[in-house]
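Engineer: Chain by chain, the residues:
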Amino acid sequence: MNRRHLWLVCLLAALVLGGILGGASLAVAQQGVGAGLPQRTPPPRTLAAYWPVFAGFTVVWIGIVAYYLSLSGRASRVSRGLDGVQTEDRG
Amino acid sequence: MEAIRQPTDVRSQRLWGTILTALGGIAVIGALWMVFFWVPTERQMGIVQRIYYIHIPTAWIGEFSFGLVALCSLGYLMLRDDRLDMIALSAAEIGFIFLSATLCAGPLWARVAWGAWWVWDARLAFTLLLWLIWLGYFIIRNASEDVEEGKRFAAILAIVGAIDLPLIHMSVYWFRTQHPEPVMMNPEGPTADFEIAMTILASMGAFTLFFFGMLFYRYAYEKLARHLASLRYLATRSAATPTGDAP
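For the record, the sequence lines run as chains A and W.
Numbers -8 to 82, taken from the numbering used here, label the letters of the first sequence in order.
Numbers 11 to 257, taken from the numbering used here, label the letters of the second sequence in order.
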């Protein structure tokens, strides 16, 4: 639960959020690809329909990462407390 | 001094926490690939149905962890083993995060599917009740002046509150409700299409790995925190005790 763990958590969070955004945008791009003659106007290539999905995944992962960071902070404080006890014992 | 710093088998728990969290991270990336590339868009609900792949796993972890809290609390009341209380507290904290996430992701789906963020449907109401019971669990624990009494009262609340779990699951059968029926935990087996069922299972597996990784971390932290508290208590008591040199 030190700085290395914080970096790992941040990296994981970035990967997850990047995966969500990149995956969704590619999925939308793939939807437009079709065979045959074009019918009327092609569907708009926007992410508008994905907003609840984005919001859902983002809220959940922000919650999990925030909890992880809070746990790391608390664990660091306990480690510092144990170091303090160790110093007092030496004194 | 190393004995003070690492009082128990915290290292192995941290190692397990790291392994399971890393595995969970890899599984999450795989599950995300399935959600956005592999699984087809559901015919009736459309794109918004993809919220299922985050809503169902978080609900599963939320309810599973409350079951774990209730079981460990029962064990704690019977055996008075502090380790069971530490597991219960750790699972309660993580499960609360996941259940809160469920209650956040659900309305996003409901707004599109039902046209309302929230309805007083039986399953939604029972899930909110579980969340409130959980909140009470932490309040009771921290409000009591006597730590042991707080642990006992919280354990009793967790056991009584676990009655809500079957109510949540069966509410869609017992009450007139607009919440969709279970697509995975059915007596007849999963009712969803193969791709949808596999994606939900992959997400549930990834979140389960994540949950256990976090549980190991949280348990290790709790062990160290209690050890530190006991060291400080001993230091305070020894400082307060007269040495016998005084006249």
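Hint data in this document are derived by calculation from the structure and do not stem from the laboratory.
Check each hint, because a few of them may be wrong.
Said to hold, decoys possible - Listing some non-contacts, in silico: residues in chain W with all C-beta distances to chain A over 10 angstroms:
id, residue
1, L42
2, G85
3, W124
4, A172
5, E198
6, A202
Said to hold, decoys possible - If you want the footprint, here are the derived chain A segments under chain W, 3+ residues with CB under 8 angstroms:
id, segment
7, -1 to 12
8, 50 to 64
Stated by the list, open to error - A short list of chain W residues far from chain A (calculated; beta carbon distances all over 10 angstroms):
id, residue
9, G35
10, I39
11, I57
12, W70
13, R93
14, E103
15, F136
16, E159
17, Q188
18, P197
19, T201
20, H237
21, A250
No residue lacks a Cβ here, since even glycine has one placed at the ideal position from N, Cα and C.
Engineer: Take the hints in turn and mark each one as holding or not.
Structural biologist: Verification of the hints:
no.	hint	in the structure
1	L42	violated, 4 angstroms
2	G85	holds, 24 angstroms
3	W124	holds, 12 angstroms
4	A172	holds, 23 angstroms
5	E198	holds, 28 angstroms
6	A202	holds, 17 angstroms
7	-1 to 12	holds (count 5)
8	50 to 64	holds (count 7)
9	G35	violated, 5 angstroms
10	I39	violated, 6 angstroms
11	I57	violated, 5 angstroms
12	W70	holds, 13 angstroms
13	R93	holds, 18 angstroms
14	E103	violated, 8 angstroms
15	F136	holds, 21 angstroms
16	E159	holds, 24 angstroms
17	Q188	holds, 18 angstroms
18	P197	holds, 29 angstroms
19	T201	holds, 22 angstroms
20	H237	violated, 8 angstroms
21	A250	holds, 15 angstroms
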